[in-house]
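Trainee: Chains A and B supply the protein sequences, listed in that same order.
Mapped onto the numbering used here, the consecutive letters of the first sequence carry residue numbers 1 to 77.
Mapped onto the numbering used here, the consecutive letters of the second sequence carry residue numbers 1001 to 1352.
Be aware that one or more of the hints could be misleading.
[As the list claims (entries may be wrong)] Restraint ranges, calculated between C-beta atoms of paired labels, are given here: (1) A:33 to B:1240: 42 to 52 Å; (2) B:1339 to A:72: 53 to 63 Å; (3) B:1044 to A:1: 18 to 28 Å; (4) A:33 to B:1071: 46 to 56 Å.
[As the list claims (entries may be wrong)] Not everything, but these chain A residues come out facing chain B in the computed CB check (under 10 Å): (5) 4; (6) 20; (7) 26; (8) 59; (9) 60; (10) 64; (11) 66; (12) 67; (13) 75; (14) 77.
[Unchecked claim] Not the full set, but computed from the structure, chain A residues with beta-carbon under 10 Å of chain B: (15) 1; (16) 2; (17) 21; (18) 22; (19) 23; (20) 24; (21) 25; (22) 32; (23) 61; (24) 62; (25) 63; (26) 65; (27) 76.
These aren't lab readings, by the way, just hints derived from the structure by calculation.
Don't be surprised by glycine CBs; every beta carbon is placed ideally from N, CA and C.
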Amino acid sequence: MVELKVDQDKCLGCGNCVVACPVNGSISPEVAGGHGSKTEDTIMMVENGLIKLFNPQKCTKCGTCPLFCPTDAIFLE
Amino acid sequence: MVTNTKEVKGKDICVQRVSPEEKRELAYKDDVCVGCGICAKICPTEAIELGEIGAIERTGVDESKISIDEAKCVLCGMCSSACPVDALDLKLDEKSIKDMAEYPQLIKSAEISDDLCIYCKACETACPRDAITIARILPERSKLVTGEIEIDKDTCISCGICEEMCPADAIEMEHHEPTSSDPTVSSDITVNKDKCVYCLICRKSCPVDAIKAVCRSCSYGDYDLNPEDSETTGSSFIDEEACVNCGWCQEICPVDAATVEKAFEGELILNQEKCEACGACVDICPCNVLSFPEEEFGVQGDKLQADERFCIYCGACENVCPVEAIEVKRTAVKHTPTKSKSWEKQLSELKT
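Go ahead and model the full structure; you've got the sequences and the hints to work with.
Mentor: As structure tokens, this is what we get:
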């Protein structure tokens, strides 16, 4: 079973994954524009400088976020 | 009781049932599979499940694109008949059901006519599956030109200008270093008449007019040359395992030498408002149908574009889209006839 996972030790907190995630964008359009989310309904957000999964169950495993993460801190496994 | 066994080799899967009466074997090849999930849709026992094809195709998750539950599989062969790319194959006593008239087959093909093909390689370049190989034999250059060339070695000062200027590399000199026994630079000079195209650059550039050359191609070409000698010959090959019958070769061929028949008809519907431009569909599409065309100044655009001429309506893009922005409608499933009503029904249910 493939799952979305994060490694907070590797995370730089850049938020690329948050912006790139197509599901985040459809839940909270301002996120795709590079702004912070107004809700906690998105899959992942940067909190206190580190990536955190809020709703991993919403992930469709499309493989977009790992393509944009510069440190392999978010991945599908 | 006879039970099924499953063997997994790398990402390939083989489900077997061996009884005294018959051996049934379902073989799945992962490198052929395009992740369309039609096998999972048609399976009457829900034994096949489509994997996370986005993660597999884009992030290198090391899994097969489908999984088969050997406890549920009844080795009926419906998946093998319906797979649009022949990634699944059911064999009865070592004979594939794709070679049995009793079993329905999807009607699909791709052919290149050697009579019409001019070996331009456009199809080879365009094929998104690298399934086409065009091998060509070019005409001999010397048979396409006619003329005369002669170098007066007594006049030649071995400067090497003609050798450097010759665009066809037809002039060769053996450069001689002066010695006390032969204190000259005089070198042997030869013209390779298989390479010479009688362009006359050597004659024009020779500083001492040592070269006599004339081109006869325009004035006497009709007499000296045989038009057949200018033809490129060759052969074409389509790797049937890699080919998905997308139609690129047919559309790009300048002489209509390629013919493709597709098993499914349908419609590809893009919802631009829902699309988040993640590109998963572009990456998964086996037919290079989808793209985000560049906007001005080389900036990657974010408006998804489809060219349906190349679509096989397999549905892989719809499966992978995380925001339901793509709908693949199948309006026709073309297959050879079957007497079985249940097979007919399952195949027609692939229509949406």
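Trainee: Each hint: holds or not?
Mentor: Checked hints:
1. A:33 to B:1240: 42 to 52 Å: Because 47 Å falls inside the window, the suggested range holds.
2. B:1339 to A:72: 53 to 63 Å: Roughly 55 Å apart at Cβ, these two residues keep to the hinted range, so it holds.
3. B:1044 to A:1: 18 to 28 Å: holds (25 Å)
4. A:33 to B:1071: 46 to 56 Å: Hint holds: Cβ distance 49 Å, inside 46 to 56 Å.
5. 4: Holds, because the Cβ-Cβ distance from residue 4 (chain A) to chain B comes to roughly 9 Å (cut-off 10 Å).
6. 20: Holds: closest Cβ of chain B sits about 7 Å from residue 20 (chain A), inside 10 Å.
7. 26: holds (5 Å)
8. 59: holds (8 Å)
9. 60: holds (4 Å)
10. 64: Because about 4 Å separates residue 64 (chain A) from the closest Cβ in chain B, which is inside the 10 Å limit, the hint holds.
11. 66: At about 4 Å, which falls below the 10 Å cut-off, the nearest Cβ of chain B leaves the hint on residue 66 (chain A) intact, so it holds.
12. 67: Holds, about 6 Å.
13. 75: Hint on residue 75 (chain A): holds, closest Cβ of chain B at ~7 Å, below 10 Å.
14. 77: holds (7 Å)
15. 1: With Cβ-Cβ at 9 Å, under 10 Å, it holds.
16. 2: Interface hint status for residue 2 (chain A): holds (4 Å vs cutoff 10 Å).
17. 21: Constraint on residue 21 (chain A) satisfied, holds at 8 Å.
18. 22: Cβ of residue 22 (chain A) sits 3 Å from chain B, so the hint holds.
19. 23: Nearest chain B Cβ about 5 Å off; hint holds.
20. 24: holds (8 Å)
21. 25: holds (4 Å)
22. 32: holds (6 Å)
23. 61: holds (4 Å)
24. 62: holds (4 Å)
25. 63: holds (3 Å)
26. 65: Check passed: Cβ of residue 65 (chain A) comes within 9 Å of chain B, closer than 10 Å.
27. 76: holds (4 Å)
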